[in-house]
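**Q** So the sequences go chain by chain: A, B, C and D. With numbering that gives the first Met the number 0, letter number 391 in the first sequence gets 390, and the count goes up by one each step, no holes. With numbering that gives the first Met the number 0, letter number 115 in the second sequence gets 114, and the count goes up by one each step, no holes. With numbering that gives the first Met the number 0, letter number 150 in the third sequence gets 149, and the count goes up by one each step, no holes. With numbering that gives the first Met the number 0, letter number 273 in the fourth sequence gets 272, and the count goes up by one each step, no holes.
Which copy? The list can't say, so a pair holds if one copy fits it or any two copies do.
Only pairs whose alpha carbons sit at most 25 Å apart, straight line, appear in this in silico SDA-like list of lysine to any residue:
no.	residue 1	residue 2
1	Lys154	Ser399
2	Lys154	Arg453
3	Lys154	Asp446
4	Lys154	Leu270
5	Lys154	Gly317
It is worth saying that the hints were derived from the structure and are not from the lab. Since the structure is predicted, the reported quantities are computational estimates derived from the model, not experimental observations.
Spelled out, the chains give:
Number of protein chains: 4
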Amino acid sequence: MALKTRQEYRAALASLRPNIYKFGRAVTDVTADPLTRRVVESHSRAYDGAHDPRRCELFTCRSSLSGATVHRWNSLCVSADDLVSAARFKREMFRLTGTCTGGACVGWNALGALWAVTFEVDAVRGTCYHERLRRWALEAEEAGWMVAGALTDAKGNRSLPPASQPAHYLRVVDEDSGGIVVRGCKAMIAGVAASHQVLVMPGTTCREADRDFAVAFAVPRDAEGLTVVETRRPSDGRELEAGFDVPETGITQAFLLFRDVYVPLDRVFLLREPEFTAGLIRYFTANYRAGIGACVAGQGDVMIGAAVLMARANGLPGRVFRDRLVEMAVNNETTFGLGVGAVALGRPHPSGVWLADPLTAHVNKVLVSRLPQETRRLCQEIAGGVVETGCLPSSADLDSPEYGLDLREALAGAVDGETRARAARLAEWLTVGAGVPGCMHGGGSPDGARAVIRSLLCLDACAELARTLAGIDAPVPEPEA
Amino acid sequence: MALKTRQEYRAALASLRPNIYKFGRAVTDVTADPLTRRVVESHSRAYDGAHDPRRCELFTCRSSLSGATVHRWNSLCVSADDLVSAARFKREMFRLTGTCTGGACVGWNALGALWAVTFEVDAVRGTCYHERLRRWALEAEEAGWMVAGALTDAKGNRSLPPASQPAHYLRVVDEDSGGIVVRGCKAMIAGVAASHQVLVMPGTTCREADRDFAVAFAVPRDAEGLTVVETRRPSDGRELEAGFDVPETGITQAFLLFRDVYVPLDRVFLLREPEFTAGLIRYFTANYRAGIGACVAGQGDVMIGAAVLMARANGLPGRVFRDRLVEMAVNNETTFGLGVGAVALGRPHPSGVWLADPLTAHVNKVLVSRLPQETRRLCQEIAGGVVETGCLPSSADLDSPEYGLDLREALAGAVDGETRARAARLAEWLTVGAGVPGCMHGGGSPDGARAVIRSLLCLDACAELARTLAGIDAPVPEPEA
Amino acid sequence: MALKTRQEYRAALASLRPNIYKFGRAVTDVTADPLTRRVVESHSRAYDGAHDPRRCELFTCRSSLSGATVHRWNSLCVSADDLVSAARFKREMFRLTGTCTGGACVGWNALGALWAVTFEVDAVRGTCYHERLRRWALEAEEAGWMVAGALTDAKGNRSLPPASQPAHYLRVVDEDSGGIVVRGCKAMIAGVAASHQVLVMPGTTCREADRDFAVAFAVPRDAEGLTVVETRRPSDGRELEAGFDVPETGITQAFLLFRDVYVPLDRVFLLREPEFTAGLIRYFTANYRAGIGACVAGQGDVMIGAAVLMARANGLPGRVFRDRLVEMAVNNETTFGLGVGAVALGRPHPSGVWLADPLTAHVNKVLVSRLPQETRRLCQEIAGGVVETGCLPSSADLDSPEYGLDLREALAGAVDGETRARAARLAEWLTVGAGVPGCMHGGGSPDGARAVIRSLLCLDACAELARTLAGIDAPVPEPEA
Amino acid sequence: MALKTRQEYRAALASLRPNIYKFGRAVTDVTADPLTRRVVESHSRAYDGAHDPRRCELFTCRSSLSGATVHRWNSLCVSADDLVSAARFKREMFRLTGTCTGGACVGWNALGALWAVTFEVDAVRGTCYHERLRRWALEAEEAGWMVAGALTDAKGNRSLPPASQPAHYLRVVDEDSGGIVVRGCKAMIAGVAASHQVLVMPGTTCREADRDFAVAFAVPRDAEGLTVVETRRPSDGRELEAGFDVPETGITQAFLLFRDVYVPLDRVFLLREPEFTAGLIRYFTANYRAGIGACVAGQGDVMIGAAVLMARANGLPGRVFRDRLVEMAVNNETTFGLGVGAVALGRPHPSGVWLADPLTAHVNKVLVSRLPQETRRLCQEIAGGVVETGCLPSSADLDSPEYGLDLREALAGAVDGETRARAARLAEWLTVGAGVPGCMHGGGSPDGARAVIRSLLCLDACAELARTLAGIDAPVPEPEA
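Isolated chain A, as found in the complex (with noise of 0.2 Å):
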């Protein structure tokens, strides 16, 4: 049975060897420590939705591989509904925990990706990367796992290609009859923590000085040679403390240290393929970024509600914010809608897999690092002051003997004070707290998608039409450089 409970989940996660780091020392139980409860119980929520009768339709879905029912993150998205039904899902998600939950994205969308590309791989080389992928994802749903995805490499010098400067970028550096050993880092992965495997892949265009940098693989999160460091978070201090001034849920990022991983060959899904990697890292970008205007829905949903509550606790008719919540729904419905045009727009990949319209997609993205802030403003200028830069005293000063009760007194508005600084740490955490979900830049840079939308842009078709009308007959050519 594919499906699996929160409480297998977190066994299974705890099962795993303590590699993983933060703040200069080792965790040994995920689902317990303070430093990375909250991403697994974020992570949880998605097997609980798996068996809860309102959420399982969108939860769960039938494999395209088995035909079992499998956790909808651990199948192949093979038509515009599969991908539509992915938004609404990641979208769901944002709404259970108020923040990413990477662990049930990134690898899934990776997996999407290399399906289309090792098919490609497969029909010009005649290797067997395709049936090396379907074995593992296979096991993959019938594990239900959650797979952390990485692409992002440490980069260093960004004007330089990994071949400059090898120690920035994940590479083989040896191999043998059964397996490959990899080395370097991979950056800012998410959801690794609360995840059982890491499915690996390049971050950027290799070019042939770049072979060796031109892999993809997956490992289990605690394989041999694999450090996990975890990243701070904006107030992420707080998830140590005790207390109500961090939510339960969360989200981390994490730096991979490979040094020197062995990984045997029937994982490993694209090996010295540099003329592949412009293809890979063009269906992933296509697919995320149809999705991850979903993800910010989501999360502005949750800003919607956290502005209403805090309107409220200060005795406020949510008449008076009327636009501007308006304006904060309109934000969040285009770039879910606009996702989902994307995929409509989109065609499917002769390997089965359904891929996003581009140029729509990466439009999204340029949406995405902007409207989300703007839905984040007006959240912090409906919930007042209180909010913008967490203003009130810590749950520890609510909680004193000396004078929490004169704070909780000064802190009541229509509702009690407690009630008003939770609605507050929450509005906080969202907009300026370990909530935030980092989607200008997750999954690549606005300006990497804005340069994806020039070289799709046909200045010169636009050109020729205005011409036309124009009633132009002589060539206007674009000036010498």
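Guided by the hints, dock chains B, C and D onto chain A, whose structure is given.
**A** Chains B, C and D only, in chain A's frame:
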């Protein structure tokens, strides 16, 4: 054979009774009079497309009623694909004409909305509106008609309902066994001069007191008692001049004075059914506002082209304006793609037509009230001062024997003076001239869209998400007003 | 007595040689011809102000040259207060006319810039330009002249300098002991038809190879060899009609063809001094762009008024649009107040005139390329579809004996039909008609402003602040290109 | 000698009674405790400036009261130049600290507002508040005090006035011949831990029923009965850590619990004078909101610097981000320059102090609620994902003996890993950390500003301008509600 040629189209128009006026005079032949020949030319290009191998797949389709190949704008949209193709068709028409071709749009959309509502009315009332509409639709597709859609009433004082100011709304004033008599004014109706028929429906929701206003029907454009007064557009006077200061395409908007027009019953599709008007408006606006993003995207494509032409004419390479051209494209693809998203998120109506998702569609309307204006601003910023206020001598001055050559020399850039002037005039026409399509208010105001969004926005559900995440147990109710 | 009346002003204009053309025909009397009488009416209101007790304090001032009371636009601005008053005067002129009165603006600003530069040239070269300018300025104030300022050359290919394409720039082609001969074209010059004199200066920085283009001088508007061709504006054809479809005020922009115009030396204020042109442009643009925010604020005031009129005509109380009207006011006061800030941050030039702070002034220019467009959009959003594309029948149609009364009834709202139509036509004229002032590119493009900002922006100083705060000891140099 | 050194300033602070709390514990020495030492360091830099030859002209001035040279923040602003210098001082303080130094700002501004109002009250009532204030101001300048200003009450239910919920506002609860007893809470008060005194005034307009709340006075920060509870800020937990994850400067905001504090009469500057509170708020906000644009401009300067550092660290030349850096500068100079414009458009109060123009000042507040957020977004867009969510390992992890060197290697770019990390942490702190200054709501909400703009906006006058230009004779009245 349902597909008509440009010549057949124009011949049919030319045979109509001359009931169109502008500047106080009658238009005898709409296909030849400079007051109307540009709008006829625009619509002629829709017929051309049916016979153009590159466009016929988009410009024609198989009728769900007859199985025949028909002009796409005569078809019912019975699937999401149909509505997406409708959006593509609209975008392409803007690309071919630089502006709106309302005769191939509003009536088409009204047909779909009436299709659904007549189905509902008949089911409840046992009436036969749906069958009447089906017959008329079959006649329309067979004849290959252009059908203007007339919704907007004169409205008068916006704070009063129709029944309080009957002179400002179209209404039934009499009837006999064979038909009804209608009186009143429909305002700002696009493309009438290029249409064979007018499909009329209420422009606002009617209450019980407004029964006589809840009427829908079709009439030939030259029906007895119908007087069409065309409105002005910016710089429309140029259409009466020789020279190139205005393109050869165009759109018109008219006031339709119904001065006791008799409509036979077989063309009456709704009669005194106020309770169904809300649904009719809802269906009309959902689909219309899903599609309108395609219109402005098409005009935006031409604005990109005009900006590129001007940059080239000024000797400046596109790279100087690269980021702004990308920005224009982002605006275009956002409204286009979000409209597609609204369609994809829609659902089929039991009558067979596809209805776009209203929330997403109305969000798109809000965007359409902003993004094209920014695209326009960018076009003017790139194109320079010559465009911003049309600041160059008239075509007539360029031909002056006394100083025309001096002007042409002065106006030349990287291209000759007339080419630069033509490009500038196109950009002017698109951004501050008769080519401005009027999409901000076309099909209803952005405020109307915001009102719908507000009604569809579930603040309480969002507040509950937030309350749960914040760990608040007590309810946080909306304050009493 | 330096102060002139409207009658004296117009008499002086009427006596000039008829060298103005539009639509291929000559204008005999600028004060009466419908092609030019509106711009003359606009400027007449500046003279009215001098004799209006409510405005004379703003519209006149004490000359720093003669001590006499003069029209403000004939004075030198020798203090921050003078420049702020100039800004207030410009705003008030927009409020009185709804558009630009360029004859009371550009020449005035050029005078100040030349005042400073001639002072500098004389100090370095031992020339006597400053004294010549002083005498001309005294004559101008005594005569109460309107003085159009002519900077912008035809420019041709923007990537080439003047010397590479002499036909596209004004230049000295000959000289004798008494004067110089100039040839070429100045383009888009505002208010010439309403001016007595034209003050000419370079529109771009000249290099050594461009010596002949580095020339400044004054000529009467009807100088021998000077041909003025007025350009079109949106909907300018309406100015030839009867009826109310266009207001009674207006602005013009002209191409000035200098076909070997002889300028006596006492009117030559700069001759072949390329190294001083950069400063001249710098002084001109700093003060001009500080003031231009006042212009668009004045037009914005009228746009607020037009929007309010339309809302009232539609029977809608102002409160419905309250937030948007505030937003329009925010835009108006931002550009106005920032211009005042630029003045207050300025400094006196050794020659006596006050120079605005260039960084702030150019920032204001960037805002002027955006905020008024948003104000305009809001005006159209409030005013409705009738304004967006001018969508109502012509004035002539409202007078039609056949259907005029029906139209008037249809157009009526909370006011009669003609009142509503007049309000709509004003809003159209302001936002998409001949009243659009052209401030985005007027006085130079926003790109030019951004280039100046870039040159004034000290990135290294900012980086040092950040480096210190970050506690970074090592230098962080700019990467090699 | 009024000018104090950093050492004298800190010694005076250290001698105060320990009445400051955070996280449930008391701060014994604000100059040393990690909870407060950063805010003290920030304010120390204001004293440094007085003794720094490059800054002393700006950081000190001649007292209009005593003629002595004093710290600028202890002076009265009696001219437009004084207020512009105040703005420059604020901007420079942000540049030196990266954040707000509220102890050198709010009390200073309250002093000016009270100066005007006490003058007015005394004139009407024959009281002696003005003289009391003068004496206290002299003492403050002589002592070189930092003076926190306390306006904002806890406010509770925003739809109820103070008298309906006394617990949420500061009020007089008792008095005797020598003084008054005050009780209640002031919330979100900046810089208290770095201040010697607190100047208290009403934060809202009082009506007659709110007499007891209409009170203004000064108390030492360690007054008996006053308990200060510092609030949290984003990522403030880092201030308790070793390492470089947070800069050495900072700001604090506190809740001030007045638990029956006795204030001697010579420190009471307003007592039960509700009718003067509206003016007090008006004067305070006009000057405060004129100046706040300088604060955010200063922080924007640092954000430009941080973005440049990150770009360089990433090996990217500034030219890649040229347009965005210009955009950031446009935002900075807009709010700075508009504040200067508000000052220049102001007027002197009869009491001697200069009052900024309220319309322009409140418009600036609206801009301050938007432009810095956009600047912040641009900083994050340029700086990359590492900044957006603080996504890099902690300082402690970089020092890990187990994997620290690997991380440092991975993080290196065109600079070493720690340098890049430090730059990223600064950008994070500025945009989503404890350095966010809180200017959107600081000194009142943007909604409050909009309400003032609305009240100052003369819609009828604008409508009259439009009516005249449109040639409408009849009045066009506002519809009845």
